[in-house]
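One-letter residues, chain by chain:
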Amino acid sequence: MNEEPTQVAESGGDTSEPTEKQMTVNEAAHAIGVDSFTILGLIQRGKLKPARSPWGEIMVPKSELIRLIEKGR
Amino acid sequence: MLKRKGQVTDFLVPGSTVRLTPGQLNAYMAAFMFIQPEFDEMRQMQQQVDRFPQTTLEQLAGSSGMPPTITAEGIEWETQTQLLKLPKCEIYLCRKSSGKEFAIIQRFQENAPYAKTNGNSEILQTGNDARQLVSDYTAEAQHTLRFMASNLVAKTQRVAFERFPEHNPGKVVRAISDRCLLVVSESLGVTESVCQTTHQVRGIRI
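Top to bottom, those sequences are chains A and B.
Residues in the first sequence are numbered consecutively from 1, following this note's numbering.
Residues in the second sequence are numbered consecutively from 74, following this note's numbering.
None of these hints come from the bench; they were simulated from the model.
You can take every hint at face value.
Label pairs and their in silico Cβ distance ranges:
#, chain 1, residue 1, chain 2, residue 2, range
1, B, 209, A, 56, 23 to 33 Å
2, B, 151, A, 56, 36 to 46 Å
3, A, 21, B, 83, 42 to 52 Å
4, B, 83, A, 71, 51 to 61 Å
5, A, 56, B, 173, 42 to 52 Å
Bear in mind the structure is a predicted one, so any value in this text is a computation, not a measurement.
Where a beta carbon is used, it is the ideal one built from N, C-alpha and C, also for glycine.
So that you can see chain A by itself, here it is in the shape it has in the complex:
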């Protein structure tokens, strides 16, 4: 399975808001106009590399999202 996060989210100890560089799955989905189901599928297929918040929630680094979009150009 590819969904295991390979990096740890750094949110400065405050998990109430994602940092500037990371987004929740919903935020990432909204940003690129897809569903959260699609974001999780991209993670499972190894096309998107996730991180985790200190509470274990999947986070999407903004840089990963940009890479995904720019890859298609």
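Assemble the complex: chain A is given as a structure, and chain B must be docked to it using the hints.
This is chain B only, laid out in the frame that chain A set:
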């Protein structure tokens, strides 16, 4: 009536055998409310996935009308049946217009930033046996739904542990986890409704 430390302990919530105190029940409700919209969305998706085999058999038997075509990666495909309809995309079983190959194709909204750079149709899987292909995609979609469920549970942890540290948040999260995992288990509909009936103690509906 079961009591522990002066509190009633016989509260049960749908899909779980974990018994909660009134304080834990409040924590459960607050944490669950945090994920309720996504939980409902996940449940709807699971219901669609549960219908995959039946839908496919009906459509492949020739009950579909004139199917529209989808162009993905420069190849034209005829849609055989719609497998999933989500707010921002649809997933179809398609057949290559010139050939016997089948594909599972995801179609995005054309104005989506992802579609603008990656194309509005993406081939997820291909194969020559439609039923096998749908079976394989069903397994993949099921896996994604389980992934979604575990992420929802992770989301509730912050609420439970930060806002209700004195109410055994681990137990609260376990009850939520049970409910989320039940949704993405096979034969969910029947199971959860049975649980709701069985576990509605003290007239509380969660």
